[in-house]
Structures are given as structure tokens and as C-alpha cells.
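> Single-letter residue listing:
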Amino acid sequence: MSFRSLIQEMRDEFGSISRHSLRSRSHRSGNAPREAAVGSSEEALQQSCWARLPPELLREVLVKIEASESWWPARRDVVACAGVCRTWRGIMKEIVRVPESSGKLTFPISLKQPGPRDGTLKCFIKRDRTTQTYYLYLGLTEALVDDGKFLLAARKCRKPTCTDYLISLDRDDISKGSSTYIGKLRSNFLGTKFTVYDAHPPYDGAVVSKSWSARAICSNQVSPRIPAGNYPVSHISYELNVLGSRGPRRMNCVMDSIPASAVEEGGKAPTQTEFPLSSLDSFPSIPFFRSKSAWIDSSTSQSSTEKEERLVLKNKSPRWHEQLQCWCLNFRGRVTVASVKNFQLVASDDNGPGNQEQDKVILQFGKIGKDLFTMDYRYPISTFQSFAICLSSFDTKIACE
Amino acid sequence: MASAGESGDGADGKGVTTITIISSDNEAFEVLEAAASMSLTIRHLIEDGCADGGIPLPNVTAGILAKVLEYCSKHVAAVAASSEAGSSSNAADAAAAPEKEEDLASFDKAFIDVEQDTLYDLLMAANYLEVKGLLDLACQKVADMIKGKTPDAIRQTFKIKNDFSPEQEEKIREENQWAFE
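Protein chains in written order, with our numbering: chain H, 1 to 401; chain Y, 1001 to 1181.
It cannot be assumed that every hint is accurate.
Said to hold, decoys possible - Computed footprint of chain Y on chain H, listed as stretches where at least three residues anywhere in the stretch have a Cβ under 8 Å from a Cβ of chain Y: (1) 48–55; (2) 74–81; (3) 168–174.
As the list claims (entries may be wrong) - In silico negatives: residues of chain H with every beta carbon more than 12 Å from chain Y: (4) THR141; (5) LYS193; (6) LYS268.
Simulated from the structure, these hints should not be mistaken for lab results.
Beta carbons: idealized from backbone N, C-alpha and C, even for Gly.
Using the sequences and the hints, build the whole thing.
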């Protein structure tokens, strides 16, 4: 049938086409809201027309929001849109790119994903000595410190044989039982060795088998929440350097969840995509406490990393400045107060030759004022891992005289 | 059927040719072909030679069609004026260009400042008729209505149902609490 005759046919039928056939709303009537249903049984009409906006148009709108609200505090609009309904969430989650490529933090899960490949994310930490709490903020401007966007909070809990720093998404509720608990740093008695534990599996493996949408359809009742797990993701150790306590200490960070190849050309670091919802069937027979090697066995899809070397980060050696009579590192203006806590971590060249990213500072931490510190980090470590490593610098007893 | 005016769809005379468009409720609108052609849908119908006796649009009511054609006419005139100014060696014309751009911007702003239901109709019509500039303008307006709102406020504004499970809702509440911290 040609287009021409189609038009002719449409014209012929014009008189009989009902005004309402293509649109389910009633004839225009001033300001009345459109959601008035014809009959009470027609539930579909009780939602407004907006609920039936074609997905491609909704996507256009959400793309505009994501593009214009690129930094905090406006970025909260992106999170708000993802909380409206399932459709909106699906589209927004698909639009938002991971920090690795976008350089932006968006959802809480962004804090568990590798940092940007280009440039660094500049944050600052405020310490509250009275409550032994530390607050991590994302910088909003080029200034060393500003209002900031709150990211994570950590509280020191001293125990008989060790110290724990509990890390949470909620500044007011920092406890292991809280749903906002995402991990912790544990130090040994001497404060020389630390382990970073993630409350959730470090990456999507066989462990977290259900996707967000599948789970959404299956579980409509509220399942009892399983207590958070303990997945070791990093081991940090501090040692005196060859000069003993008269030189800066040496840091060694083994990143259990990141292969050494991540910093080589074409390398990838594992990326979590969702916080797993705690429901009974999504954690099949996993013990809550795992040793370093055990958790690797359960993620069958990642079994290759068991053989792969782990990424090791070491602190860059400062150079002795004869005139100033002190050890110096180039913090590029981001650290302004000399302190034994200050450090720059780079990928260790023990990881093998051909390591092109070797000179890039992956994590930088340093003092800028009383109880005020900057933290700059980049790919392949996440905000959470960076924060935990910085906390160890506060705690370690290895110090210069 | 309303009397279709002389549609005069001659092959030449870009500025002079008019086209008749007929709304779903049988109202006829006569517009410049150039303006109507801002709608890709209508442009294709014209090119296929279907414009004789007017183009019927069973999906668009008179009120909305009038608005869409108003947008197209305004924008096509602006494009014509600016290309004249561009080719003119008159300094005054060139100086007036940014001002004319501002006029168009304020026209757009006032044009899209409509009630929510009208906005929805304009959005759907612009999509169906493939008027890119208007679609963009309408989408941006919807985006502006969303900015600064909590999920609950967004749902209320657009009367959208919350279809998350209680478990998901709790997680999302925490997510938003963190974002709005």
C-alpha cells in the first residue's frame, strides 16, 4: 500500500476515528489534573500520563540531568532520579558511568569502584579527637578545604588486642550492625600491620549471583538482614627504614582484590556494580570470616586471579633536602604541613618490568592544618580503600623522632 | 472536512509556498512550507507528495498543533533573518545578531512555560512530528522541573507510583540520605 493511499484512507475514516482512541485521557478541560480515572477499576489511568512516558523520551530528560548536574551538591539530583521508580532507576544507572572513566562520584557504590584514570579525585579528611572520628569529604572547589561533599565516616574502636576503625556511609551511625556499614580497618597490637576488610564481596563474582532487577522481581517480602561479612581486601605494613627512626617509615600495601596487571597498559581493576541486597539466597554458604585465600576460591569466574600477582603499593621515598634539613616529597601544593603521616603511594616496581604507570602517584595523603588532611587518589584504588589506608597512617606507632 | 485552502505546493518559491495541516479534531492550519518542514514527519510527507488537500495528523489536537506551528514559524523566521544578516555586509545587521538570539531564547522560555499537561502534549507531539528543537526544549523543561527535588517530590509532581520492594526502598532511602547529606 503506498503512502499516498494510506493518507487517503485515513482521510476517509476521519469522521469515524474516535477522538479518544489514541489517547487514554479525556478531552482537554482546563486545569483539571489528568489522572482522574474514568472508572475506579481502571487503575492504570490513576497514574498520570507521565508514568507512561515513552522510555526514549524519559531517557532524553535523564541524560540532560546527568550531564548538567555533574558535580556536588547538584549531583544529588541524579541519585534522586534513580530513586523514583524502577524504570527511572534502570535508565539512570545505565547512563551514569563509573568514576574510572567519568571522574565523577555519583552513587554510594562509586566509593567502592576504582578512581579516575585521568587525574585524581581530591578529598579532605577532618579529624575529631574528642569522639575519635574521622570524616572524609570530596572537595567541591580547587581550594584545599571547603564545604565538601560528605563521603565516609570512620570511628576508632580500641580493643584488648587490636584496634578497629569502622567505616560507614552514615556520619551519625558508625556501627557494624548498621546497614550503612561498608568495611573496617583493623590494626595489630603493635600498630605495625593493618588489614582492610570489606563488608561486601570485593567484586561481582559467583557469590553475588542475582542482578538488581532479577532480585527486585523475586523478593517482594522483606528478608532478614544478614550481618555484614569480612572480606580482606588489603594488607598494610609499616616498617622503619634503614636509618631507623631517623628516617621516614616505609609503607607496604598489598591490594588483595586488585591484580598487578591493573596498572599495566590495557589492565583492568575489578569493579563492584551494586551493593548486594542482603537476602537469604544471595549468599550461599559463605563463612563470615575468610582467610586471605579462601574467598578467591568461591568466585569461580575470577579464579584466574588466584594465580595472578597482587598489586603492591609502596610509598615514594622522600629525598633529603640539605638546605632545609628535612625529607621532602613534591605534594604539588596539596600538603602544607610537615608530618610523618604524609605519604605518596606508587605501584611498586617489584610488580615486574614494563610498568608504565609506575611513576603515577596512586594515593597521596598529608596534613594541611590542625586535624585537617588532604587525600588524593586515582585508579585503580577506590575511595573506601584510600580512606582505610590513610587511617592506618593515623594509627601506626612507627614514627620519626 | 474543513475546506483545504490552496496548498500551492509548487516546486519553487521557498518562502511563499504554504501547506495545510489538519488536526485530529478537524481544524485546518495554513502555514509556510518552510515552517511546516521543521517537522521531519511533515517534511517527508510533503516530499512524498502527500500534501494535496492538506496533511491530516490524527495524533495531534488543534490546541497543541497551533503551539507547535507557532514554534516552527518563529524559529524558521529567525533562521531566515540570521542568514540574511550573515550575508549582509551591514554592520548594524551583524551587531543585531546576538540580540536576535536573545529574543529567540526569551521566546523559547516563555513558550515552554506552560502547564504540566500541555508540556506533556508538546513533548509527545514534538517527538511524533520530529521537531528536534522543540523536543529538546520540552525535555529540558521537564529536566528543570525535576532538579532540586527529592524522589518523593518527583513522584508527586508527575504522579508516578513507587514500585520498589520494601527492601529496595530502604536501600534507596539510605542512598538518598547519603546524597542529600
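> Is the coverage entry for the region 168–174 of chain H by chain Y consistent with the three-residue Cβ rule at 8 Å?
Coverage by chain Y holds for the region 168–174 of chain H (3 residues, Cβ < 8 Å).
> Far enough from chain Y: is every CB of that chain over 12 Å from the CB of LYS268 (chain H)?
The claim holds: LYS268 (chain H) sits with its nearest Cβ about 26 Å from chain Y, beyond 12 Å.
> Confirm or reject: LYS193 (chain H) is not an interface residue toward chain Y, with every Cβ-Cβ distance exceeding 12 Å.
Holds, since 31 Å exceeds 12 Å.
> Does THR141 (chain H) sit more than 12 Å from chain Y, CB to CB?
Correct as stated: the minimum Cβ-Cβ distance to chain Y is 18 Å, above 12 Å.
> Are there three or more residues in the region 74–81 of chain H whose C-beta lies closer than 8 Å to some C-beta of chain Y?
holds (count 7)
> Can you confirm whether chain Y covers the region 48–55 of chain H, using C-beta to C-beta distances below 8 Å and requiring at least three such residues?
Satisfied; 6 residues make the cut.
Hint compliance for this structure: no hint is broken.
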